[in-house]
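Trainee: Sequence:
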Amino acid sequence: MDENFQEYGHKLVTWYRQNRRDLPWRRTCDVYAIWVSETMLQQTRVETVIPYYLRFLSAFPGVADLAKASEEQVLKHWQGLGYYRRAKNLHLAAKQVCQEWGGDFPKTRDGWLQLAGVGDYTAGAVLSIAMGQPEPAIDGNVLRVMSRLLCIREPVRNTNVVRRIRKLLEYWLTNDVPSDVTQSIMELGAIVCTPRSPQCLLCPLAEGCRAKREGCAAELPVKVAKAARKKMLVSALWLEHAGQLLIEQRPEEGLLGGMWQLPSLSEERTEDGGSELPSALRLAESLMERLVAGSLLADEISESPQPYLVPVATEKHVFTHLEWEVHVCRPVGLALEKLFGQSQKRMELMIWVPVEDWDKYAWPRVYEKILEKLLSERVNI
DNA sequence: AAATCGGGGCG
DNA sequence: CGCCCAGATTT
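Just so we're aligned: the first sequence equals residues 1 to 381 in the UniProt record's numbering.
Do not rely on the hints blindly, as some may be mistaken.
Stated by the list, open to error - Simulated pairs of lysine-lysine, DSS-like, Cα-Cα distance not exceeding 27 Å:
id, residue 1, residue 2
1, Lys76, Lys88
2, Lys373, Lys360
3, Lys316, Lys369
4, Lys231, Lys167
5, Lys167, Lys11
Stated by the list, open to error - Label pairs and their calculated CB-CB ranges:
id, residue 1, residue 2, range
6, Leu54, Gly257, 19 to 29 Å
7, Glu219, Pro61, 28 to 38 Å
8, Val332, Ala225, 42 to 52 Å
9, Leu277, Ala64, 43 to 53 Å
10, Leu23, Pro61, 13 to 23 Å
11, Ala242, Ser70, 27 to 37 Å
It should be emphasised that the hints constitute simulated quantities derived from the structure, not laboratory data.
Computed from a predicted model, the values in this text were never measured in an experiment.
C-beta: ideal position from N, C-alpha, C; glycine also.
Please take these sequences and the hints and turn them into a complete structure.
Mentor: Here is the structure:
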């Protein structure tokens, strides 16, 4: 290390002890609770996590409570938080801990890395914050703070850049309380060394910050461009009969795995598509055909007058790597009681549920919005 | 190394 | 509207 970067660890920890926010997971030393918080905080803002964290720990106070819960319960408590595989992995890992290790958490980095959903960051975070070990935890905050302090102009995710940052971090960790070292950098990144318009005037490291000296703090860190988002057209059906609504569960793997939605079909949207509603209606028709065929009623339906579809709601939703335009349609002129009678058996992953019970299931945000909108309109009528 | 995987807040 | 957030996992 060319300059005296070693001593900045002390300055940062001193600053942290005087300026740290009062956060729920900073009021506990419980390894389980801190592990839950770190999992929820992956790619998710502190303010978003707080209510989820409190509810989750209230529902599952210890790792044994989580291990014996059902996956539906766990998903329901994660509803709206996103990246739902985190919830499944957390649940799975809790079972691992209880069944294979008698409820005792690992005490080494390699042990933690064996748990589902625990990667390099989370292992280091739990070990340093909850277990007092000098293990580095490198997240987006750390990369940003360090890239500015050292004025690193290469892409910050570059392997040897991360290696360099890790070395400095390891040094700091051996000279202070590990929990405070880890949290001090993240805290600085969260409230001072922010992604845009960093507050260098408030920074305890301003004196030694190379980026500040060179006037490029706001331009760092350098990141590589991401791929463009795909646009998808999604058609969903409102199928209601005798107070029952047809809903379907998404496949366990992949996008929104295991979550519930209105029966839906999607296709990639090409730019030359023109008007969206006609395309959405065609998509909805093919979904209706599939449902009718699946209910073994093809003959009877084909005899009855051709049903037509009425659009009742539309909603756009943006994910990290794709974009949905959801159109909800309701069939008119279809003998739904025939479909209902047959599909009581259960068609693939679809079930009829009382309309008022819809909120007992875990819905993706976009479908939750649609359901709330449609049901509130109904109450007003 | 690049893609996949949510949702929301902020400039 | 684009960017980013206490990342992990798969390809």
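Trainee: Each hint: holds or not?
Mentor: Hint-by-hint comparison with the structure:
Between the alpha carbons of Lys76 and Lys88 the distance comes to roughly 11 Å, so the proposed pair stays at or under 27 Å and holds. About 17 Å separates the Cα atoms of Lys373 and Lys360, which keeps this hinted pair within 27 Å; it holds. Distance check on the hinted pair: Lys316 and Lys369 sit about 10 Å apart at the alpha-carbon level, within 27 Å; holds. Straight-line distance between C-alpha atoms of Lys231 and Lys167 comes to about 42 Å, which puts the hinted pair past the 27 Å bound.
A C-alpha spacing of about 18 Å is found between Lys167 and Lys11, which places the hinted pair at or below 27 Å, so the restraint holds. Distance hint check for Leu54 and Gly257: the Cβ-Cβ separation is about 25 Å, which falls inside the suggested range of 19 to 29 Å. In this structure, Glu219 and Pro61 break the distance hint of 28 to 38 Å, their C-beta atoms being roughly 45 Å apart. Restraint check, Val332 to Ala225: a C-beta distance of roughly 47 Å satisfies the suggested window 42 to 52 Å.
Remark: the range hint 43 to 53 Å for Leu277 to Ala64 is upheld by a beta-carbon distance near 52 Å. For Leu23 and Pro61, the Cβ-Cβ distance of about 18 Å falls inside the hinted range of 13 to 23 Å, so the restraint holds. The supplied range of 27 to 37 Å is met by Ala242 and Ser70, whose beta-carbon atoms lie about 28 Å from each other.
Hint violations for this structure: numbers 4, 7, all remaining hints satisfied.
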